[in-house]
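For the record, the sequence lines run as chains R, Z, C and E. Per this note's numbering, the first sequence starts with residue 1, numbered consecutively. Per this note's numbering, the second sequence starts with residue 1, numbered consecutively. Per this note's numbering, the third sequence starts with residue 1, numbered consecutively. Per this note's numbering, the fourth sequence starts with residue 1, numbered consecutively.
In case anyone wonders, no lab produced these hints; they're calculated from the structure. There's no promise every hint is true.
[What the hints assert, rightly or not] EDC-like, lysine to aspartate or glutamate: derived pairs with alpha carbons at most 16 Å apart:
hint : chain 1 : residue 1 : chain 2 : residue 2
1    : R       : 38        : C       : 360
2    : Z       : 190       : C       : 360
3    : R       : 177       : R       : 217
4    : R       : 190       : E       : 363
5    : R       : 190       : E       : 360
6    : Z       : 38        : E       : 286
7    : Z       : 41        : E       : 285
8    : R       : 38        : C       : 285
9    : Z       : 38        : E       : 285
10   : E       : 202       : C       : 227
[Unchecked claim] A few chain E residues that don't get close to chain C, going by computed Cβ distances all over 10 Å:
hint : residue
11   : 192
12   : 237
13   : 238
14   : 265
[Said to hold, decoys possible] Not close to chain C: a few residues of chain R, all C-beta gaps over 12 Å, as computed:
hint : residue
15   : 11
16   : 36
17   : 181
18   : 183
19   : 225
20   : 275
21   : 298
Bear in mind the structure is a predicted one, so any value in this text is a computation, not a measurement. For glycine and all other residues, C-beta sits at the position ideal for the given N, C-alpha and C.
Spelled out, the chains give:
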Amino acid sequence: MSLTYLEAIREAQYEALRRDPNVFLYGQDIGKFGGAFKATKNLINEFPGRVIDAPISEDAMVGMAVGAAIEGARPIIEMQFADFSTCGFNQIVNQAATHYWRTNVPCPIVIRLPSGGTAGSGPFHSQSMESIYAHYPGLVIMTPATVEDAYHMLLHAVELDDPVIFCEHKFLYYHLKADSLPDETLPLGKARIARPGVHATVVTYSAMLHECIRAAEELVVEGYQIEVVDLRSVKPLDAETILASVARTGRLLCVGESFPWGGVTAEVIARVCADGWHLLDAPPQRLNSKDTPIPYHPNLWRAHRPTAASIGTELRRLLRF
Amino acid sequence: MSLTYLEAIREAQYEALRRDPNVFLYGQDIGKFGGAFKATKNLINEFPGRVIDAPISEDAMVGMAVGAAIEGARPIIEMQFADFSTCGFNQIVNQAATHYWRTNVPCPIVIRLPSGGTAGSGPFHSQSMESIYAHYPGLVIMTPATVEDAYHMLLHAVELDDPVIFCEHKFLYYHLKADSLPDETLPLGKARIARPGVHATVVTYSAMLHECIRAAEELVVEGYQIEVVDLRSVKPLDAETILASVARTGRLLCVGESFPWGGVTAEVIARVCADGWHLLDAPPQRLNSKDTPIPYHPNLWRAHRPTAASIGTELRRLLRF
Amino acid sequence: MGKNSLSKAPGGVQSSAYFAVSAPASTIKQPASAADQLRDLHLRAYRHMLAGRLLEERLGALYRAGGKIVGGVYLGKGQEAFSVAMAILLKKGRDVYGPLIRDQSGRMAFGEPILDTTRTYLGSALGPMRGRDGNIHRGRPKEGVPAMISHLGSLISVVSGMLLARRLQGRLGDSVGATCIGDGGTSTGAFHEGMNMAAVEKLPLIVAIANNQFAYSTPTKSQFACDNLIERAKGYGMEGYTVDGTDLTACLEVFQTAVRRAREGRGPQMIVGNLLRLGGHGEHDDASYIPPAMRKTDAGRDCITYAEQVISAYGWLNESELALLRTEILHEIDKAFSQTAHEPAPDPYKEVWSPFATPELAEGWQVW
Amino acid sequence: MGKNSLSKAPGGVQSSAYFAVSAPASTIKQPASAADQLRDLHLRAYRHMLAGRLLEERLGALYRAGGKIVGGVYLGKGQEAFSVAMAILLKKGRDVYGPLIRDQSGRMAFGEPILDTTRTYLGSALGPMRGRDGNIHRGRPKEGVPAMISHLGSLISVVSGMLLARRLQGRLGDSVGATCIGDGGTSTGAFHEGMNMAAVEKLPLIVAIANNQFAYSTPTKSQFACDNLIERAKGYGMEGYTVDGTDLTACLEVFQTAVRRAREGRGPQMIVGNLLRLGGHGEHDDASYIPPAMRKTDAGRDCITYAEQVISAYGWLNESELALLRTEILHEIDKAFSQTAHEPAPDPYKEVWSPFATPELAEGWQVW
Ligand SMILES: Cc1ncc(C[n+]2csc(CCOP(=O)(O)OP(=O)(O)O)c2C)c(N)n1
Ligand SMILES: Cc1ncc(C[n+]2csc(CCOP(=O)(O)OP(=O)(O)O)c2C)c(N)n1
Ligand SMILES: [Mg+2]
Ligand SMILES: [Mg+2]
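Given these sequences and hints, build the entire structure.
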């Protein structure tokens, strides 16, 4: 059996619903329709009453989930697009994120954010919000880059007693396929060496992983072995694995798809500089999308986000140092 | 005449209203009542019809401001506390921030955020959101640390053709005083050497400036001259001035009051490492508040945010390197 | 009463002032006379309805053919009468018009050139959004047409702000602002805050709610629990109206009342149009979730077919005149498409990669 | 009718079912009889009202004295009857109660111990929030009392979620959820989304809107444009009621109807209480913006004084019994304060500086 990144997310939700009667799904058009991306296809038939269509009320959807979690339920909220979670922002960062710390009562909710850019989607159907949510204490931010992680991390997210922002990348939904799902997986908070190398370390996550690997492959002919680290979750952030890699390569490039000011890439560099200063042979660099909203026209969109080409350029500059 | 940081903000709004008939103020309780902090005291009498009480509708307040700006008005929105801007988040980051880029029509609005911690204010009346808003393309983020800047930067904010998030620190409202207001001020985006030094550079902003200066003064007896840089605005960020200072001192500590993951301090370090690598004699460090919501009890609150004492500890560690 | 029947003569109106407001209510109750006065209005409106329909049919065809269209295609099929009836009463240069995703026809009635549509959908750099944003998001704020963002409900306060500013600047005059939203959009906090705020400020705002029975796939029963959305008008302190959104005559009459009252300073007006989305949510969607039976209800009537029946029945245009009109419009559409076809796409190397109106603020993040 | 008059005998009710609902409406219309049945309920309610008032008077005094109180002090003076009348009909362990900032009395009626109040206000580490959050934010979610955050309106969907979960888990039974909000809070998008969602899900939710005429300093005319907030009930598809919030008898009767109907599965119930905040927004606020004339209206009547008049008039308690009750309560309050006085404050060195329930997730940001 072969399945896509999107199917893995659907399978994980199926499995979560099967395992625990306290799990339920809530989101717009996720019932009979199966969701805007079909991530909940047929689940309503297999688990009647536990897959609920929500009104267009992101704030109340999240508040509803927090209340349900207080009572021992484990809701999975689907935002139709990550971009619309801004309308539930207050409940996410002030209600859900603070709940356990304030009350000692856990808030095990999962908020699925169909994230990231695809050609022609424009400024409001393309955003990557992991850097925003990771800033807030109390939220776990998962950013799976593979079919395997999409499946296992989502299951892990549901089991976790803390609120999880699950950033699933729309660009990977259909293209990315796996032949099977391993039963084993890395623990939460552990990064993965996606590609071993010696000359430089590229730290990335989500869809950018694949751009980075492509860039690394292109550099092989130039005689460079680039190590690529897949963060898997950006909070918690696995500084250990990053530092170990930098210890091997002495060079660091961080690549992310979100906006360039602050965020994941800056956080990674700040940590490596604080704790791995002596390991670095060159100034650590980062590459993000440009500092404008995400353009609708593919010509502009392709230039706005990092690509194998622009990552390659950055790497060559880093290697030349 | 002597005036406080808060009075400077009130004076600046008076002056903005006086100079330009297109300026108006909109916010909860800002009319006859003069605002929760009295930042608009008497302005409704001096400018009848141009200081308007808003319902408790942060989303609509910001949307209203964007619409008004389209028509050539220059609204100043007062959020009662920065923390409540989460309820207007979508209009701020998706409507206001993207407006000029999308339509070529400027969106000159100012959103005043009474920010930062004070003893006993708790998790929802203490937040510093500059790191959140700075992540989004299209927003200017001002973080005045002095009475002079509170006045001049707010005036500058109103004149600017771009949306400005004006982070005014509540801790400085009453304590911070100036004898007079200089007519001159630094241009937008220029940082200021608040205290010259040679052994290390501390980059900070807003209320933390004063904690940093206190820490620097305490280190004098130990024979250290610490240079303190006041960013004034965190977006745009004056990398030039920071690099020039690091060139003098070789050591960098970034101090901020917001949450520790990502944000201003990480951004500063990422930039210095990318462009000022050769200037650094020691790993750049940062100090932020702890990674929990902001505690209500003063005992916990004082331990949660950086203070002269904890900054001093960080500096000694940095200087020992 | 089955669709396509003419038993509903023009003005035999489903519409009704929600409050017992004598004068206008009675106006509405005089069909024939009203209809005569409305002849010219009907014909102009019908033209925009048809133009919107034909233009959108072309967009749909291009989308299905693939390759040409940039981004998604969301059409207003079935909502043309309701969309045009409001927009045609507005005056560009004086009024504000904030269209939403199903208002191609309304946009045309407000004076939007076909080129704005073709350029955005085909991704021409010369379109109003210059390739930065797309299709239904297009707007020209300085011409009174704000450019919607995707987040539903957020446009209401923006249109209100445009009116508030005009009032503060002393140039509101008798201008009004009109905007549209769907049944699903009424569930957003932004809708509520915007409506309430407009009412508190007593702004000349007209809000048209197109209840097309679905929000994407979600039926209204999963969206709200009141019998009719119009019941919310009173709670906001607004005057409210319901209307058969498939009946151009009825729509024109209701909007004439609402727009006039807004101009007269009676504050925000809320109109709920009952109709059915005659296509998918977008062209990617086969709308198989819409029960066939529903298509046979009054709401499912095609407002264009019905308008044509009315126009013929009243002898305003005959078969050949109707056919001619259609040809004219198709010709204009062809012209716009072929002109657009030869226009340049946006060039990332020429693009100014800064979000700021103030040039000095560009931080120039190097990316190549 | 002036305040303090007894012309409004118990049950001579201002309240009214918003919809003509025969049965309960008529019940409400039989004062005396209803009042007799309500004797015991009145006395229990009055005790909580008085306890809340006396406890808050102490808090206010300590705040003005300075030094002792940690954080701000926001009191419910004038709202005790409305607050208690709902809470006293709920059962801890079965029902959910989501109090807001003016519900000290309601909290006590739901069974909150005085120590929870004193410990939070005096900053004892033993309080329910352990010094992490304060005062009116306190709650015990596992006991059916969610801990409000400051952002108004956001509690409604949380209480709804607690009910939805119980229904999914098959243990909803006849339990209900009740929560409170002010006139100003109704302008939030969160209020709208929460109300609409609860109605769509037909949850057993009771929402008490305390219209105390002001949101901080903002009068209702700058907050909404409808005649009465109850007009929003219909727009949500809820049953709604208005009541004189200063009249305990009326409040008890209305909430009995609303709570019973919620238990019966009739979906969300909305009650608007008309009253006046008899203090400042907080103790820092002298409320000079409240026109003296308004204090003389029915809304300005002190619900406790009036309840005492009712109780005496009906001979339920005599002077000395009333005095004794007061002494008892004051004694309990003294006990709680002196016990709290000797309790430890939170210790930053012992504090677990992680926001996560999962211990392994603490990233341990070193700070000293
Ligand atoms: C705040 C927000 N949440 C979700 C969406 C995704 N979305 C786009 S259109 C749509 C359905 C809208 O339904 P309705 O308001 O009835 O308008 P219609 O499409 O029927 O014209 C949804 C859920 C959105 N645009 N904004
Ligand atoms: C979303 C939001 N915006 C602003 C505030 C600040 N605030 C706290 S209480 C208050 C007034 C509330 O008025 P009302 O809802 O009538 O309750 P009352 O204080 O009268 O009991 C305001 C504006 C808030 N808590 N939440
Ligand atoms: Mg719809
Ligand atoms: Mg109030």
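Hints versus structure:
no., hint, verdict
1, R/38 - C/360, "violated, 45 Å"
2, Z/190 - C/360, "holds, 12 Å"
3, R/177 - R/217, "violated, 20 Å"
4, R/190 - E/363, "holds, 13 Å"
5, R/190 - E/360, "holds, 12 Å"
6, Z/38 - E/286, "holds, 14 Å"
7, Z/41 - E/285, "holds, 15 Å"
8, R/38 - C/285, "holds, 12 Å"
9, Z/38 - E/285, "holds, 12 Å"
10, E/202 - C/227, "holds, 14 Å"
11, 192, "violated, 3 Å"
12, 237, "violated, 3 Å"
13, 238, "violated, 8 Å"
14, 265, "holds, 14 Å"
15, 11, "holds, 22 Å"
16, 36, "violated, 7 Å"
17, 181, "holds, 28 Å"
18, 183, "holds, 35 Å"
19, 225, "holds, 24 Å"
20, 275, "holds, 26 Å"
21, 298, "violated, 7 Å"
In this structure, the hints that do not hold are numbers 1, 3, 11, 12, 13, 16, 21, in rising order.
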